[in-house]
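Participant: The chain contents come next:
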Amino acid sequence: MDIPILKIEDFLVVTIQSELSDDEISKLQEDILLRIKDVGATGLIIDITALDIVDSFMGRTLSNVAATAELLGAKTVVVGIRPAVAVTLVELGIRVKWNVNTALNLERGRKLLKQLIGAEQRGGVS
Amino acid sequence: MSALFEDHADQLKGQWITEMRESGLLEQMSDVETEARYTALYNTVVSTFRTGEFEDVEKYAKIITEEAVMHDMSVERIIGGILKLRDIYERFIFSKYRDDEEKLYQLLDSYEPIANNILTIVTMAFVEERERVIHEQQRAMMSLSTPVLQIREEILVLPLIGTVDSERAEQILEELLDRIVEVEASVVIIDLTGVPIIDSLVANHMIKTVHAAKMLGADTIITGISPANAQTLAGLGIDISMLITKNNLRAGLWHADKMLGFKVRIEDR
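Protein sequences appear in the order of chains A and B.
Numbering-wise (my numbering), the first sequence opens with residue 1 and increments by one.
Numbering-wise (my numbering), the second sequence opens with residue 127 and increments by one.
Among the clues, some could well be false.
As the list claims (entries may be wrong) - Partner residues aside, some chain A positions facing chain B, computed with beta carbon under 7 Å:
#1 I81
#2 P83
#3 A86
#4 V87
#5 V90
#6 T102
#7 A103
#8 L104
#9 R122
Claimed, not checked - Covered by chain A, according to a simulated footprint, are these stretches of chain B (three or more residues, beta-carbon under 8 Å):
#10 296-303
#11 331-339
Since the hints were made in silico from the structure, they are not lab data.
Small disclaimer: the values here were computed from a predicted structure and weren't measured.
We put the beta carbon where it would ideally sit given N, CA and C, even for glycine.
Using the sequences plus the hints, can you model the full thing?
Facilitator: The structure is reproduced here in structure tokens:
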């Protein structure tokens, strides 16, 4: 099943609705990066509200997507991490190497993206 | 044997209550209450001797110990009553069959295990009930001592007081994360003024909390670390570069306001 990648203005929004197999995760990663390239997105929001469990593979992939998207000129924000998932990720020690931006929900994520992009543009001008 | 206790119920029960009253086991209890309570207990014990089933005793023990613990009665008072009845029965058996040795030993052989068992059940019930209450109080105290306060739209304050062990640390983490989601907090201030000792366990837990809160989109400010604790922290060699730390709660709040664009203004009075 293909996971829809929605476009709002210059941002892409991906909502992961169910647990994914490792293959599906890899496929999604590819799709997202192609889409960023295609539409020239400046921001990417990945919503994982529906996930009860995030394993180390998923954690690493999210981090990889963020790093690669950055190279393509898009900032990434992961939103909707549940408390239990946050605890698991911290215990897995992923966060230490994790330079992914996070926000509570979609709304906050969009706000954060705008801040990040705004800061970069101001930095570029001056 | 149960028939024996039943037939002489009034005499034995009367003797039992008198002896208990003399040894001060029945203080603060009215005569009506005493009568009702110990008649019930007496009947339970007799029926146990008749059937050899301990279910009723267990049930009864649960009820009286619950009450006893609630009213802060002493162990002596609970066990004392049962011990008295045990003695009365034994003396009664002795006086009845003094001349018939064979019958006497036969009776005692069946009497003693049951009597001991009843005593054990009541004692165990008492201990268990007490432990349950202690445990309950501990939990209540723990949640009482970790309030998570919302002081502005998006700011939570967690004043920690007392020592932090792993169990409490876990509980604090869970509570805090739930609250962040609930009030959609952006900044969390953890105030450590009331924490006497910060060791590597507390420090690591703090770092874990900061990371987890960050994943939910909340930044954490740590305040109120005492000079002595600051020295310990520096000496532990834990990487605390990612922590935002401020001198005291006031400075922490000021910083949080600045992060979120809040400005405090004094109106003309």
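Participant: Look at each hint and say if it fits the structure.
Facilitator: Hints versus structure:
no., hint, result
1, I81, "holds, 5 Å"
2, P83, "holds, 3 Å"
3, A86, "holds, 4 Å"
4, V87, "holds, 6 Å"
5, V90, "holds, 5 Å"
6, T102, "holds, 5 Å"
7, A103, "holds, 4 Å"
8, L104, "holds, 4 Å"
9, R122, "violated, 17 Å"
10, 296-303, "holds (count 3)"
11, 331-339, "holds (count 4)"
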